[in-house]
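For reference, the chains in residue letters:
There are 2 protein chains.
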Amino acid sequence: MTLDYPSILLSDAVSAFASLPGVGKKSALRMALGMLKRSEEEVEQFTSSIARLKKEAHYCRVCHTISDTELCPICSSTSRDKSLVCVVENVRDVLTIENTGQYNGLYHVLGGIISPIEGIGPRDLEIDSLIERVASGEVTEVILALPTTMEGDTTNFYIYRRLEPSGVKVTQLARGVAVGNELEYTDEVTLGRSIINRTPYKS
Amino acid sequence: MTLDYPSILLSDAVSAFASLPGVGKKSALRMALGMLKRSEEEVEQFTSSIARLKKEAHYCRVCHTISDTELCPICSSTSRDKSLVCVVENVRDVLTIENTGQYNGLYHVLGGIISPIEGIGPRDLEIDSLIERVASGEVTEVILALPTTMEGDTTNFYIYRRLEPSGVKVTQLARGVAVGNELEYTDEVTLGRSIINRTPYKS
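Taken in order, these protein sequences are the chains called W and H. Add 432 to the 1-based position in the first sequence for my numbering, that's all there is to it. Add 432 to the 1-based position in the second sequence for my numbering, that's all there is to it.
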């Protein structure tokens, strides 16, 4: 579908919205026309909150998650277990794990995973800073929570090899049948792993 | 799902994106984090194209569609049939009809339809300007292309009554079975209307 907009301003705004992930031309037009229905202050608030995020957001100097301050609220919290560090790919994963309410340790955001195809090597990621962080002594366990893909496995293995000399305990997330899922609909790889890594029954 | 963001800047940007139509919290987070991956110029371009739309866009003084100029490209075109005026609810409808490539007349954007529930009366819409436009003489046919809802029907009827004294021809879009649709899946009201308003067979 090609739309011939009666206004270059409209056309530009539609293109801007259509550049967002998951937004097509029709939704983008709806968004642009929606902006025209808002007050000038509302539009100003909308655009400035996005501009400010880009201009003012920092990354925590310890765990590299997004933060307004030099040290993020998680790293600077006094109630969190500083001996545990969970290694994740990106900021979204931090929020997802936080959301479970089951984790009280710290994080380390790599900013990606090793991917030779995309030309991402260990030097492009926050791996050296993780090794230094562990070497500084306070950390006793590193939990690997990277995706279960070829790239994730490669990154896990690389980090494991780099951490080995330090003697720190390295664990990874349990993989198995999702809670509430029927065995029938669980994929074979997951089910196979869940048999190999079975855990003692606790009532 | 409640996400506790480690950054107020991030949280504000997520709220901004989540205020767009059809965007949930998870997509909004993806959009906000996506902004962080863009260059500063790209983000500036994104926000300024939206801000400019709001600040600089005009509405055509004749047909009230969105336009960069006082008179929109459609109204100022010399190749369009100025005796035909198609009455639509909003700018999106103009684009949708333009997209068919089947219409060469002009438009009149009401800016809404009569809706007592939402407190929208004829005075809130561009109806008076339509009557004046028709009274000025050039228009010979007004095509009503409003939605087939109670409000659309009310607005159609109101406009028809206001236009009656001028003697202008008033038509409406053909309603019937969609091209390519099976009778079996056509709703009864549409099918019923398509029988009543059947047209001569042309080979």
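There's no promise every hint is true.
[Unchecked claim] Once the Cα atoms are required to be at most 30 Å apart in a straight line, the calculated DSBU-like pairs of lysine-lysine come out as: (1) K601/H with K458/W; (2) K601/H with K457/W; (3) K487/W with K601/H; (4) K469/H with K457/H; (5) K469/W with K457/W; (6) K469/W with K457/H; (7) K457/W with K458/H; (8) K487/H with K469/H; (9) K469/W with K634/H; (10) K487/W with K457/W; (11) K487/W with K514/H; (12) K487/W with K469/W; (13) K514/H with K458/W; (14) K601/H with K514/H; (15) K458/H with K469/W.
No wet-lab data here; the hints were simulated from the structure. The model shown is predicted, which means the values in this text are computed figures rather than measured ones.
**Prompt:** For this structure, which hints from the list above don't hold up?
**Reply:** Of the numbered hints, 1, 2, 3, 9, 11 do not hold.
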